[in-house]
Amino acid sequence: MQPPLIVSTALDRGIQILSITDHNATGNIAAVQKAADGTGLTILPGMELQTAEEVHCLCIFDTLEQAHALQAIVDRLLPPLANRPDYFGDQLYVDENGDFLGREERLLLSSVRLSISEACHHVHRLGGLFIPAHVDRKAYGLLSHLGFVPADLPVDGLEVFRLSTPDQARVKYPQIASYPLLHNGDAHRLDQIQGTNQYYLEGPSVSEIRQAIFGRNNRFFSFFPFRESVL
Amino acid sequence: MNLAQIIKELDLSVVTHPQDFASIEPSCGYASDLLSCVMSGAQHHGLWVTLQAHANIIAVAALLDLCGIIITEGAAPDAATIAKANEEGINLFTTPRSTFWVVGRLWELGLRDR
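So the sequence lines, in the order shown, correspond to chains V and S. Each residue of the first sequence is one higher than the last, beginning at -2 in our numbering. Each residue of the second sequence is one higher than the last, beginning at 13 in our numbering.
There's no promise every hint is true.
Unchecked claim - Short, incomplete list of chain S residues facing chain V, as computed with Cβ under 7 Å:
no., residue
1, 46
2, 47
3, 48
4, 66
5, 72
Unchecked claim - The following residues of chain S were derived to be distant from chain V, with all beta-carbon distances above 12 Å:
no., residue
6, 13
7, 21
8, 31
9, 38
10, 40
11, 42
12, 101
13, 123
Everything labelled a hint here was simulated from the structure, so no lab data went into it. Heads up, the beta-carbon is just placed ideally off N, CA and C, and yes, glycines get one too.
The following block holds chain V by itself, in its conformation from the complex (with noise of 0.2 Å):
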């Protein structure tokens, strides 16, 4: 996925904003931000981090610097495994163009060495939103993981996966029922870039977000269905 294409899908389905999430890594967020500079589209830098029990958890922040300062300790605690473009694929960085700028020679595929509340401890600590990813998914879903969401990890919400609504979900998990459930909306490919979580904001922030999952402050968050089959 090019940063002007990523840019031009969501700017076309009427996104407003969006979080580059790539697996343990944060090398294309500032090539996608300049890509969206001046069009409106605001781009929060994340990365979708494996935790030492194999669990995705999304963390999304404000500023590249929070986002960097995250990678800076998946770096220390990231098996130093070399990557198999053949079986894994390649692993490049872009510039805002697409051009062409480096490949990661790191495995980025591996768990990192931190515990789910260790990994939401340092998230939290950075000023960023800590949302385990796609919980009821059998491959590195919480739930299939670790049976339950622990009672002292201070989430920020739940993201069921794309083939369940929150409604869905929340009959099929009564475990999950209390936590506010957000809508998968992890886009692998342009067609999947959907925005299926609509949150009423002041303004496209980590806080402001955080207050709308809560449903603080007049501030909240509703599930849009998909527009186009995806699935």
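Please arrange chain S on chain V, whose structure you already have, making use of the hints.
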């Protein structure tokens, strides 16, 4: 086969309070790292082998009344997890060995899956 023999034969580190391990006999063994599988698959009073060290393992073990958890691959439960295990009366053991090795040794010693 009791826990005292297993601790000795597998050279396990005991990280929770010592017990009269010779008086505790696991009914069977179980190995998985997915807690959702353990909750539906492990037998009561069984011994569970996993590399997960997250505090949720204690709640799962308490739910199923497991007699102990062997945490493999050098994974280390944190202080809060150990405290919770002591509170719940769950025996926690650690080893640098792999799950494959631990399960193989337990089978050799006569422990079975049911």
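Comparing the hints with the structure gives:
Hint status for residue 46(S) relative to chain V: holds, with the closest Cβ pair at about 5 Å, below 7 Å. Look at residue 47(S): its Cβ gets to within about 3 Å of chain V, closer than 7 Å, so that hint holds up. The closest approach between the C-beta of residue 48(S) and any C-beta of chain V is roughly 5 Å, which is under the 7 Å cut-off, so the hint is satisfied. Interface hint status for residue 66(S): upheld, as the beta-carbon distance to the closest one in chain V is roughly 5 Å, under 7 Å.
Because the closest C-beta pair between residue 72(S) and chain V is about 6 Å apart, less than 7 Å, the hint holds. Every beta carbon of chain V lies more than 12 Å from that of residue 13(S), the smallest distance being close to 28 Å; the non-interface claim holds. Under the 12 Å C-beta cut-off, the non-interface status given to residue 21(S) relative to chain V holds; the minimum distance is some 28 Å. Even its closest Cβ contact with chain V, about 25 Å, leaves residue 31(S) beyond 12 Å, as expected for a residue assigned away from the interface.
Distance check on residue 38(S): its Cβ is at least 21 Å (rounded) from any Cβ of chain V, clearing the 12 Å threshold; non-interface status holds. For residue 40(S), the non-interface assignment is confirmed: its Cβ lies about 20 Å from the closest Cβ of chain V, beyond the 12 Å cut-off. In this structure residue 42(S) is separated from chain V by more than 12 Å, as the shortest Cβ-Cβ distance comes to about 14 Å. Listed as outside the interface, residue 101(S) is consistent with that label: its C-beta sits roughly 19 Å from the nearest C-beta of chain V, beyond the 12 Å cut-off.
Once the 12 Å rule is applied to beta carbons, residue 123(S) is consistent with being away from chain V; the minimum gap is 24 Å.
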